[in-house]
Every structure is written in C-alpha cells, then in structure tokens.
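Chains as they are written, first to last, in the working numbering: chain A, 1 to 166; chain B, 1 to 166.
Think of the hints as simulated: they come from the structure by calculation, not from any bench.
Each statement offered as a hint is correct.
Identical copies carry no separate label here, and so any pair may be met within one copy or between two of them.
Subject to a maximum C-alpha distance of 25 Å in a straight line, what follows is the list of computed BS3-like cross-link-like pairs (lysine-lysine):
{"id": "1", "residue 1": "90", "residue 2": "153"}
{"id": "2", "residue 1": "153", "residue 2": "96"}
{"id": "3", "residue 1": "133", "residue 2": "115"}
{"id": "4", "residue 1": "153", "residue 2": "92"}
{"id": "5", "residue 1": "38", "residue 2": "133"}
{"id": "6", "residue 1": "87", "residue 2": "137"}
{"id": "7", "residue 1": "23", "residue 2": "137"}
{"id": "8", "residue 1": "137", "residue 2": "115"}
{"id": "9", "residue 1": "115", "residue 2": "153"}
{"id": "10", "residue 1": "114", "residue 2": "153"}
{"id": "11", "residue 1": "133", "residue 2": "87"}
Just so you know, these numbers come straight off a predicted model, no measurement behind them.
Number of protein chains: 2
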Amino acid sequence: MQRQILLLAACCIGLSTAVAADKVGPAPNGITLPAGYKDWRVISVSSRTDNNTMRVILGNDVAIAAAREGRINPWPNGAILGKVVWKSDKDKHWEKAVVPGNLVHAEFMTKDSKKYASTGGWGYARWLGLDQKPYGKDANFANECVACHTPVKGQDWVYTRPARFP
Amino acid sequence: MQRQILLLAACCIGLSTAVAADKVGPAPNGITLPAGYKDWRVISVSSRTDNNTMRVILGNDVAIAAAREGRINPWPNGAILGKVVWKSDKDKHWEKAVVPGNLVHAEFMTKDSKKYASTGGWGYARWLGLDQKPYGKDANFANECVACHTPVKGQDWVYTRPARFP
Numbered sequence: 001m002q003r004q005i006l007l008l009a010a011c012c013i014g015l016s017t018a019v020a021a022d023k024v025g026p027a028p029n030g031i032t033l034p035a036g037y038k039d040w041r042v043i044s045v046s047s048r049t050d051n052n053t054m055r056v057i058l059g060n061d062v063a064i065a066a067a068r069e070g071r072i073n074p075w076p077n078g079a080i081l082g083k084v085v086w087k088s089d090k091d092k093h094w095e096k097a098v099v100p101g102n103l104v105h106a107e108f109m110t111k112d113s114k115k116y117a118s119t120g121g122w123g124y125a126r127w128l129g130l131d132q133k134p135y136g137k138d139a140n141f142a143n144e145c146v147a148c149h150t151p152v153k154g155q156d157w158v159y160t161r162p163a164r165f166p
Numbered sequence: 001m002q003r004q005i006l007l008l009a010a011c012c013i014g015l016s017t018a019v020a021a022d023k024v025g026p027a028p029n030g031i032t033l034p035a036g037y038k039d040w041r042v043i044s045v046s047s048r049t050d051n052n053t054m055r056v057i058l059g060n061d062v063a064i065a066a067a068r069e070g071r072i073n074p075w076p077n078g079a080i081l082g083k084v085v086w087k088s089d090k091d092k093h094w095e096k097a098v099v100p101g102n103l104v105h106a107e108f109m110t111k112d113s114k115k116y117a118s119t120g121g122w123g124y125a126r127w128l129g130l131d132q133k134p135y136g137k138d139a140n141f142a143n144e145c146v147a148c149h150t151p152v153k154g155q156d157w158v159y160t161r162p163a164r165f166p
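Assemble the whole structure, with the sequences as input and the hints as a guide.
This is how it looks when you write it as structure tokens:
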C-alpha cells in the first residue's frame, strides 16, 4: 500500500511539473517542439555570468553526426540544436560548486537553409519554463534571436562549439 | 582530390585526439570504461569555481530511468553515472559566457550494493585526458573518491541531483 502511495505521488509530481510534448503549442513562427529532445545526446555545456544561468546543448542525430565529424560551418540541413537553460544555484554540499536550479527555458535552432533563409538559414524557437509556454508575441520574435547571434555569423550563426570528448 | 585530403585530415585528427573505448585500459580496481557512454543521456550539468572546471553528468539507461522517476536514494543496482569534465574557458564571442576548454577526465560511479559494498555500494573509476589513462596507482585509489563523497553519504554518496527538465 505504501508503495502504491509512493508511485501515485511520483506520478502526480510528474504531472505537475511537466507538460507532454504533444500538448505544447508551437512557436509563433510555426516551429513545433522537437519530440524526444530530452533523449538527445550532448554537444556541449555552457554557463553565463551575466544572467546567472547554465545550460546543456543537445543535438538531434543529424547535429550529433555533424558535431563529431566537424561538419559545422555550415551545419547540415536537418540539424537541430537544443539548449536547456537553468538558473545557476549553489550545491548544498560543495560550497564552490554551481548546479542547475529552476528551469528557465528550452530553445532550439533548426537548420534549413531554404526554409529559414530570412533568418540566416536557421529557424529559432523557445519554450519558457516547466509548462513550456511558446516565446514571442508574433513571428518577428526571431529577429531578436538573429540580432543576438550576429556576432557568430562567421560560424554559421551558432555560438556552441562541440566540446572535446575522449 | 581536395575533398579526399580533407577527409584524410579529419580522420587523422580523430585518431590523434581519441582512443577507441576497447583500447582503453581498466581502472586499477578492474572497472572497465563503459562502452558508448558518449551516447548516454543527460542527468545534469555542474561547474566548480575552486578548480575552474565544468561538466556534464550522463547516465546509462538504468540511471536515466531512476533519475526521471525519482528513485535516487538509493539509486538502483546497475545504474552508472558518468561525468565528463573540462577546464572552463571563455567564449570568444560572448565575454560573460563560460565554455568547455581542454578535457580533464571522464569519471564513473557504478552502483552494485554487494560487489562494491566496501566503497558504499559504488564502484569508482576515472580516465584522464583524451588518451583516457586510467587513474590511480592501485585499487586503493577509490578511498580518495569515497572520502570526497562522504559529505553526500545521506544521498547515496552522489553529489548530482537530476536537473529539472520540462
């Protein structure tokens, strides 16, 4: 009985903190949340001291193959990069360690040099918080993304460089 | 021809910076490098300001299921946690961003409450650098790991708490 209560509790926690991907609305430019992105493999990690965040950068199969083979300038069509971003928090047990706190958002860049030609060949989308609210009032939100990515136009608009794995 | 030279160059770079998992020697306690760990899914990320490093924490299928279902105190037998650790570096294009620099090591905790009873139910192993040199002079190296993990004995000897995903 205790086990059943525990399972029920675990189930309720799941329901209250996450929304199924197919229930999440599209971004204002029509891009939908990539299914199964939480199972994608790692390209890199990064943190920012200007807004106290840390993140993991994931890739779909096309992006992972490109990252491992060094085909990233340009990235191939079909590549999707996903960033999951958390507020940085202190580790309770290691004073000088920084760990993920609250989730900020998950954001994606989808490469399609024709379809997204007006935004540098990448389709941008972002979903805020655990309830994954689509970011942006209308499709023009992507101009904000492009502006921020302009310093890395020379590396196909992508900040992330694949981390070196053994 | 130019394309062939480029492919050959890419191949040589691959050979010079990574060693195939089956060519990597075991840790002094006999633990072997988990095959395919670079394809494992993400449990969390962390960084340390005391030694200027950042890392991703990956899990095998048993660990990922446990992390997602909240079965982490204790973690189930068969769970393996992998940490890939890099020196922290500055992003060239975003002054306040921190990104992975040189690889430091990949290290693992394997849960087997009987086999590794003498080290808290976890088998420890670490491989240094891109050439994945096993860490430790002899099997006693694990005492060092246990000492460092003693502050988190109450959470089954594991520092990492699964990051909140949407």
